[in-house]
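Dock chain Y against chain F, hints included.
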Amino acid sequence: MEILVCARRVPDTSENEIQLNSAGNDIERDDLVYSINEPDNYAVEEALQIVAKAGGNVTVATVGTDEDEEILRRELAMGANHGVLLSDDSFSGSDGKGIATVLKGFVQKGKYDLILTGVQAEDGGAQVGGMLAAMLDYPFASLVNSIEVTDGNKLKVGREIEGGNREMNEIDLPCVLSIQTGINEPRYVGMRGIRQAASLEVPTYGAVELGVDKASVGEVAAKVERADYFVPTLGKGAEILQGSNEEIAGKLVERMKAKGGLQ
Amino acid sequence: MTARIFAYIAHEGGVVDDSGAELLAAARKIDAAASPTAVVTGTGPELDAVCESLRGTYSEVWKVSSECLVYPNAELVRKALVTVIPAGSIVLVAHNHFGIDLGPGLSVKLGAAFVSDVMGIDGVESPTLKVVRQEFGGQVSTHVRCDISSGAVINLRPGAFTAIEGAVANGVVIDKSAEVGALAAGRRYLETIVAEVGDVDITKEAVLVSVGRGIQEQDNLAIAQDLADALGAAVSCSRPVVDAKWLPKSRQVGSSGQTVKPKIYLACGISGSFQHLAGLKGNPFIVAINKNPKAPIFQVADVGIVADVLEFLPELTIKVREAKGVHAPR
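So the protein lines, in turn, are chains F and Y.
Going by this note's numbering, the first residue of the first sequence is number 1, and it counts up by one from there.
Going by this note's numbering, the first residue of the second sequence is number 1, and it counts up by one from there.
Calculated from the structure, these hints are not laboratory results.
Check the hints yourself; a few may be wrong.
[Unchecked claim] Computed footprint of chain Y on chain F; a stretch qualifies when at least three of its residues, placed anywhere within it, have a C-beta under 8 Å from a C-beta of chain Y: (1) 4-17; (2) 65-76; (3) 82-93; (4) 124-134; (5) 151-165; (6) 205-213; (7) 220-228.
Being a predicted model, the structure only gives us computed values, none of them experimental.
Note that the Cβ used here is the ideal one computed from N, Cα and C, for glycine as well.
Bound-form chain F, shown alone (with noise of 0.2 Å):
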C-alpha cells in the first residue's frame, strides 16, 4: 500500500507557555520549541505499522518553508521512505483550502492508496483532510481511531465519537483518514537515527512542479484570515493560593472541608 501522510511543524505545547507578542498581532515565537504536530506523528507511526503488514511505501510531506524540514527528518527517521517539502513564496499566506489545494497537487503527482493527516493542528482547524478528499472526490473520515486492513480496496476503520464510543466504518481506498491522538504508541526516535536521517535526500517541490496555479494558494486566495490574537478570559478566575507547598496544601484542605470533601 502506498501511503501519504500530510504532517505539519507546529509550536510544541507540552514544551512552551504559548504568550501573546507585544504587537498583539501574533504569538510570541522568539525561543518557541518546534516538534511535529503530534496526531501528525501518530499518523506516520499508523502508516508504518500498515506498510509492515501490508507491504508498500509511507510518504510524509509538508506545507511550509526550509525551516519545516526538520520534521520530515524525524519522519524519516521514524522509518519513513520519502520525505517531501512543498514550498513556494506563492503559498505563503494559504488559509486551509489553499493547504489543500498545494497537496491535491502533490498527490495527482503520485499514486497513492491511503492519505493520512492527523485530526487537527494546535493552531489548526481540523480541515485540510476533508478538504482535501472533497477535492479529490475520496471518501473522508475524521477522528480516527483504528484501520484494519481488510482487503485491497478497502478498510475498516473505527471513529472516536462522543462518550468514549467507537463508530465503526467501511471505508472504500483511495481515501483520506484524518487520525486522533492515542490510535497507536509512536515509536521512539533517538539522536542516532536522526543523524541518519540529516543526510537523506528531501526534494522540494514548489507551485509549477506541483501544478498549482498560484492564484488559487497563498494570501490572495485566502478567504480566512486571522486579525489578531488576545488572551480569552472565560470564568471569573481562579483565586491564586500564596505560600509555600506546605502553607497551600494546609489551605487547601480547610477550603476543601468546607466544600464536604475530606469525609
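Below, chain Y alone, put in the same frame as chain F:
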C-alpha cells in the same frame, strides 16, 4: 445583508439535539434580522417529528427524506446539501464528530469559505464575517476574518451559543427530497461500539483527583493515587494520559471520554482544554494545580495553585491524612 443562512440540525430518536437552538442563536448573531432555514436529513416518522419540533422556532424547515440517510453519513449528507442549498449561502453546522466530517468537504463543494470550531461571532462588515476561535488548547484566542462573498460553512462549538429565550416561529416544512436523487458513498456505517466500563466508575465519584500531562510519567500516577486514597476519591485523567496508555479510556474526563459530576475536582497538571472541560458538569468546586500560570484551567477553577504537581501533591496528601487523623502507612 443578503446571504441566506441555513442551519444543519442533527437529531436522534426523533429528538432535535442542542444544535437546534444553538445554531439559531448563532444565526441571529450574524444577522439580528435573520430568518435562518433549518435543514434536516433522515427518514420516516422520526424525521417528521423533528420537522414539527423545529418549525416552532424556525420559519422554514427543509427536509430531505431518504432511507439511506437513516444514519447520518457526512458524505451522503454533503451530497444532499450541495444539491439543495443555493450558492452563496452561509451554512451553520455543529462542530462535533459529525461536523468535523461534514464541514470542510461541504465548503469545497459549495465553493465557500470555511471556519471551524467557532466560539463567538462579532458580526458582519460586508463581505467579511468576523468570528472568534481558540488556538493552542485555549491558551490564546484569535479574531478571524472570513470572506463570505461566495458563501461560508461555519462550524460552531457546541455549547458556545446560548439559546434565545422565547424564540417562536410558526414555520413551514418544505420537502426537498425529490430534488435529491439516489445517493451513494465510499464510506459505509457498520456499527457503534459502546465504551467499555472500567474498574472504577468515575461518573459516580464525589471527589476526583484528575491528572494530565503534568504528571509526566506513568510511575508518577502513584502520587495521585496516594492522594486519592487519602481523600477516599478516585483518579481520573485528561486525554494525553490515555493516549500514552497510562490509564484506561474509562478514566478519561472530556467530550470524547466520560462526563463526570463530582463535588470536588482536583485538576492536577491539566491545562483545561474545552474538550476536557466539556466533560465536567454539575458546577463542582474546581482546584487547579499547574506550573503554567497561563493555563486556561485557572480561568474556570475556584482555587488555583501555581506549582509542580509532583512536588505539591505529596504535601497535600500529608495534610489530608493529618486532617483525617490518619498516619501514613509504614
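To see whether the hints hold, each was checked on the structure:
no. : hint    : result
1   : 4-17    : holds (count 4)
2   : 65-76   : violated (count 0)
3   : 82-93   : violated (count 0)
4   : 124-134 : holds (count 9)
5   : 151-165 : holds (count 9)
6   : 205-213 : violated (count 0)
7   : 220-228 : holds (count 6)
Of the numbered hints given earlier, the model fails hints 2, 3 and 6; all others are met.
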